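Visitor: For reference, the chains in residue letters:
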Amino acid sequence: MAFEIRAEGVDVELLMREIRAAIEEKKKAGLITDEEIREVATRPLPPVLQPHDLKSGLLAELLERPSRWNYAFDPDTLFRSSRSGSGRALEWVRRVLRPVQKLFWNPTPMIAALSRQGDLNTTYAHVLHNLVLEVTRLNLEIVDLKSRTLQLQGRLEFQARREKTLEAMALGRTVPGGEDGAA
Amino acid sequence: MSPAGGPRRVHQLLAALAYGDAISNEALAIQRHLRGAGLESDIFAEHVHPRMTTRARPLWEYREVSAPDTVCLFHFSIGSAAARLAFHAPDRLVSIYHNITPAEWFLGFHPHLAGLCYHGRRELAAFAPRTELALGDSEYNRRELEAAGYARTGVLPIVLDLDSYRRPPSPVARRLYEDGRTNILFVGRIIPNKKIDDLITAFALYQRLFDRQSRLLLVGDYRGHEKYYDRLQELARARGAEEVVFTGQVDDDELRAAYASADLFLCLSEHEGFCVPLLEAMAFGVPVVAYDAGAVRETLRGGGVLLREKPTAVVAGLVRRLLTDDGLRGRVLETQERAMAEVRTTDFRALLLDRLAPVLDGAPG
Chain A
1 MAFEIRAEGV DVELLMREIR AAIEEKKKAG LITDEEIREV ATRPLPPVLQ PHDLKSGLLA
61 ELLERPSRWN YAFDPDTLFR SSRSGSGRAL EWVRRVLRPV QKLFWNPTPM IAALSRQGDL
121 NTTYAHVLHN LVLEVTRLNL EIVDLKSRTL QLQGRLEFQA RREKTLEAMA LGRTVPGGED
181 GAA
Chain B
1 MSPAGGPRRV HQLLAALAYG DAISNEALAI QRHLRGAGLE SDIFAEHVHP RMTTRARPLW
61 EYREVSAPDT VCLFHFSIGS AAARLAFHAP DRLVSIYHNI TPAEWFLGFH PHLAGLCYHG
121 RRELAAFAPR TELALGDSEY NRRELEAAGY ARTGVLPIVL DLDSYRRPPS PVARRLYEDG
181 RTNILFVGRI IPNKKIDDLI TAFALYQRLF DRQSRLLLVG DYRGHEKYYD RLQELARARG
241 AEEVVFTGQV DDDELRAAYA SADLFLCLSE HEGFCVPLLE AMAFGVPVVA YDAGAVRETL
301 RGGGVLLREK PTAVVAGLVR RLLTDDGLRG RVLETQERAM AEVRTTDFRA LLLDRLAPVL
361 DGAPG
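Protein sequence lines, in the order shown, are assigned to chains A and B.
In this text, residue positions in the first sequence follow my numbering: the first is 1, and each later residue adds one.
In this text, residue positions in the second sequence follow my numbering: the first is 1, and each later residue adds one.
Calculated directly from the structure, the hints in this document are not laboratory data.
Note that the structure is predicted; figures quoted are calculated from it, not measured.
The reader is advised that the hints may include incorrect statements.
In the BS3-like style, the derived pairs of lysine-lysine whose C-alpha atoms are separated by at most 30 angstroms in a straight line are [unchecked claim]:
(1) A:Lys-55 - A:Lys-164
(2) B:Lys-227 - A:Lys-55
(3) A:Lys-55 - A:Lys-27
(4) A:Lys-146 - B:Lys-227
Chain A on its own, in the form it takes in the complex (with noise of 0.2 angstroms):
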């Protein structure tokens, strides 16, 4: 049994089905269905984020693993060959050649220009970072001021409602015959 009164003659099994049938009565009258009932039941409140304690894992996860979205280039990489064996002879190759090479191109600023930008994607990743988790502060601090504005509505409506109890109080008392007169 969901409760107990000890008081006589209350039958407490009784007054309980008395109690489930009403609510039957209520779902078959379509006010409410048993999916309701246990949605009600079951969703628990959530608890607060607070802006402050809020941690963001990604800037970790991204300096972690470098290599699967950024590049680290130096002056040798724009030389060198993927292949193992064979690479190494054409690296060599590549070298030997090189003074010939620059006869037709200057690779220096585009070496310069491609390393920048390697240490500028890290930088990013740095600075989006701490967007995100700015943004996602402020818009937790947005959901509360948007929170408390409602309270204070809330507050201002019954504060208005007992301003206008007080008033009708306070005429009833002064206006003869008002509504609730000295009689």
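With chain A fixed as given, assemble chain B onto it according to the hints.
Guide: Showing chain B alone in chain A's frame:
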């Protein structure tokens, strides 16, 4: 009466003497009865509410009365200067325990308070060897004291000033609440262990199924617990509950108006060390429905309706039944009258002196 040769000075130490707070009222009642029994008794508090400044002395003056033959009644509180003073003073220490809410209740909403409560329970255990006698205000609290390692324990129930309930309620608040709506009342701080969320959910269902013209009146301070309060407001909106009124902390006359206007008192709290509002509701003749948690059962003393579980639909149906079935309501009120008769006949002074007898009669233990 304290025997000749026993301690003549029994002072109280509190973290805060507040206005309208059950513990502060109890401290004042204890002082009145101790003085009535011919003992010297003052209240020393770390924080004193502006309205109570004539009733208490500042904590730092305690050293003027502190002595090995002074009995110090310390109302246990977490992390206060009063606790440190009580622990280190040479006085004979009697701890009065009003319970500490388990930390887990505050984890999602107030991590700082959760930490304080966690350390508070450790502090409670640390006080055990220093304390000569420990009194809980319910058997439930006494058992917690025993579990914390206190050797000599007892129960000293919270005393109610029933005469004060006869004073007139605030006419404005009464007029405000008595507008034809059914008032379902809860009185208590708006904190997670009181399960105000369950109250709102049950009320929303009651309103939807049975009575659109109803109001849930939540009387209690929510300062310091704004996050939980925010969530509750959201919940009320999400559940479509109208007229969920959070009054905040109210004056005594407004509290009396709330009880006087209430059609039913509903408590779904899951942790209570005593729960004074249950007795107050019974004193005002308001039918009580309360969930059986902590000390609720012993505070009700067989009065009201005690919920063993709280399926929302059943709670809503039961509330409806109590509000519409005069016969059932009358029989429930009879059980409450019997319980209140027990409370009224309790001689608090005799009980207090009996509980303190081991300290007042004997030499330091």
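Visitor: Hints first: check each against the structure and report whether it holds.
Guide: So, going through the hints one by one against the coordinates:
1. A:Lys-55 - A:Lys-164: violated, 48 angstroms
2. B:Lys-227 - A:Lys-55: holds, 19 angstroms
3. A:Lys-55 - A:Lys-27: violated, 45 angstroms
4. A:Lys-146 - B:Lys-227: holds, 13 angstroms
Checked against the numbered hints above, the structure breaks hints 1 and 3 and satisfies the rest.
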